[in-house]
Each structure stands twice: as C-alpha cells, then as structure tokens.
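There are 2 protein chains.
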Amino acid sequence: MRVLITSGPTREPLDPVRFLTNGSSGRMGIALAEAVLRSGGEAVVVSGPITHQYPTGAEVHRIETTQQMLEKCTELFPSCDGVIGAAAPCDFKPVQYSDQKLTKAESDGELLLRLVPTPDILAGLGRIKKPYQWIVGFALETQHGKEHALEKLHRKNCDFVALNDPSSIDNTQAKLEIFDVHGNRVALLHGMKSDVAAELLKIALRK
Amino acid sequence: MRVLITSGPTREPLDPVRFLTNGSSGRMGIALAEAVLRSGGEAVVVSGPITHQYPTGAEVHRIETTQQMLEKCTELFPSCDGVIGAAAPCDFKPVQYSDQKLTKAESDGELLLRLVPTPDILAGLGRIKKPYQWIVGFALETQHGKEHALEKLHRKNCDFVALNDPSSIDNTQAKLEIFDVHGNRVALLHGMKSDVAAELLKIALRK
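Protein chains in written order, with the numbering used here: chain A, 3 to 209; chain B, 3 to 209.
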C-alpha cells in the first residue's frame, strides 16, 4: 500500500517578502503519514512549508505554491493506491508577482490586489483516478458544511470527504465528519489527530 | 536596562482561514532577547505567531496583527530604555474582513482585494520617544537599500537602522549593514543571528 498525503499550507507570493497563506501546521499530514507507516504502508507526502517534522521513513516532497503541489501530486499519484488531501492549499493567488518588494511609498496608500483561483489539486487527481484508486478530500467550512463538503466530494471525484472547521487549524486535536459518495455520514471522528488519522485511514481503505 | 523587542511576522486576515503574512521566523528576535538577558537586562518581546521558543526569562507578549503589535508596543515602550524593531510586520491589510470563508464558488473566479497600509509601529514609537530612549529599526529592501533604509530611519525617528535583504528571512544567519543618523555605515554584521544580535545590541547601547 502506497498512500499519497498532501499536507500543510501553500504560499502564494505577492513579492519576494509577502505571501497569502493560512495557519495550517501540517499536524494532520504528519499523523496520517505515521498511521500509514504503522500499518506497513508507504507514506508519500507532498508538503508546504511547515516547521514540525515528518516521521522518518516517510517520502517527503517539499513545495511552496499550490501549482507546485498540483504538479508534484500529478507526478506521484499514478504510483499510489490512494490520496488523502489533508493540505490546506491557498486557493487564490495574486495575478501579478512583483520582483521587487512593494513599498508603502510606491503604492501611495491603497493597493488593489487581483486574485485568481489556483488550480484544484484533488479535482486534478480526480480526473486521472483509476478505478482501483481512492481519494479522500478535506472540506474546511464556516457555513453550509455538509452541503459544501458533498459538492466538493462530487466535483473532485472523491470517495470520502472529511468535513472540519477552522478550529482544527494548528490544533493537536481534530473533529471530522466523514461523508461517503451517497451523502451518508459514515463516521464522526473527534480526538487527538494521531487517533483521528488512524481511523480516517481505515475508512479510506474500505473502498 | 529594559529593552523592547518586536519579533516575528504579523498576520492580516481576509477571512477566518486566509491571511497575508511573510516568512519571518522570529529567530532574530529570539537572538536579541538572549543577548539582552545575557547582558543582565530585561527583554520585553512583542511577538507575532512563531513556532520557535523565546528564552526563559523573557517577558513575551503574543499578538496577531500589526495594529495589535502597535497597541502593545505603545503600552510597553514608556517603561523601556529602547526598542529594537526586529519584527516583520505585515504592512498592508485587507480593507474588509469576511466573517465567513470566501469560497471559489461565491467569488466566481477573480477576487479583487483592496489593501490599505497598516500603521507603522516604529514611527508610532518614534513620536513618543523620550530623549533618553533609543530606537533601532530594521529595513528589509530588495533595491535602493541604503536610500530606503535612511528614509525609514528619519521618518521613524530611529537612532540606527539595520539594512538587510530577503535572504535573512527564516535563516539562522543574518547580514546587516548598520547606519546611524548621519548616514554613516557604523558596522557590517554577518554571521549567526546570535552573534549578530549581540553586536547590534552593543551598537544600540552606544547612544
């Protein structure tokens, strides 16, 4: 069993100093990599910049932007049995990147930043998924949770989607509601990310 | 001797998940706090979110945004002999904050983000500086380094300014050019942040 795990945030730079991101710590990705290794599988991690350590034995690929995460995952997914999309990729990026640091003086007050959506990583993998492969998506929502989560599940060709909320970000605990393709809630996982990750992996392998 | 140190990045949120920030690790602030403590002084740190640890004995105040950093520093500066502005505060923030996570579906493609400058922390402290107090600013520049650094020194009422470039961000080493109010380069410090911090503190205390 070879499992691809996306983990951590991505960064979308405005200039050599500033970027758009989120507070993802990569702890869920670390916990999932540990769960895969404990079960005897190979953990292949594509990770944005985080300061915590992945377990020894995991195959870790470091990237910065969402586009880079997509490219690396597209390259690695065909050799894996499934993917768990635990990363929090930045889903907007500045249209323009400034080679030089934007300064207050130059910008003369207000700055108008045009953002465009970044490519959707799991949707990209969903399009090349083989019948034997499985995909578990994550949906982090602040409203209409189940509805948004199931929309994502179908659009991204996932087998399961794990719904959570911003309280899970940079937390040692997680609370996940797991839905299947029929819209059934197959589990409510609540506790330390290490325990939640182990349960989530079991569910993924049911497919 | 009681020294105020600003440290780390700040975050400017768009919504409950996304924010604008930079890659500052807080390592220079940590090194400065250690240098102050080693010299027998009190280290008062106002820090944005970082994962590295401040030394035991430092008085650490945690904040998230630039406005919060300004407020905390304005409160603490009158009780200090000087301040070293080693933080990398985010100097633009979104005009609007969305209570709910902005979604790709709702935003229908492009998102226009209006950013306004955040308050300048050291300039704020420069306005309330007493004659016995000193201020060391940092300037992180990608072009016109000395010119921009000296403009900042004067506008912020600093006694010294430390010029560096993006290579210092999230690095264990630093390379700083130190300029005084006359525009003279009084030092070039290059090496481990712990050594650079100790030298920078000595220069600050010359005032």
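There's no promise every hint is true.
A pair counts as met if it fits within one copy or between any two copies, since identical chains are not told apart.
Lysine to any residue pairs mimicking SDA-like chemistry, simulated, CA-CA at most 25 Å apart [unchecked claim]: (1) 103 with 61; (2) 132 with 100; (3) 148 with 190; (4) 103 with 66; (5) 103 with 116; (6) 74 with 144.
Treat the hints as calculated values from the structure; they're not laboratory data.
Taking the hints in turn, this is what the structure says about them:
In this assembly of identical chains, the alpha carbons of residue 103 and residue 61 never lie at most 25 Å apart, being 35 Å within a copy and 32 Å across copies at closest. In this assembly of identical chains, residue 132 and residue 100 lie within 25 Å of each other by CA distance neither inside one copy nor across copies; the values are 40 Å within and 39 Å between. Proximity of residue 148 to residue 190 under the C-alpha cut-off of 25 Å is restricted to the intra-copy arrangement: shortest distance 13 Å within a copy versus 57 Å between copies. In this assembly of identical chains, the alpha carbons of residue 103 and residue 66 lie at most 25 Å apart whether taken from the same copy (19 Å) or from different copies (22 Å).
Taking the shortest Cα distances, residue 103 and residue 116 sit within 25 Å of each other both inside one copy (17 Å) and across copies (18 Å). Taking identical chains as interchangeable, the C-alpha atoms of residue 74 and residue 144 are never at most 25 Å apart, the minima being 29 Å within one chain and 30 Å between chains.
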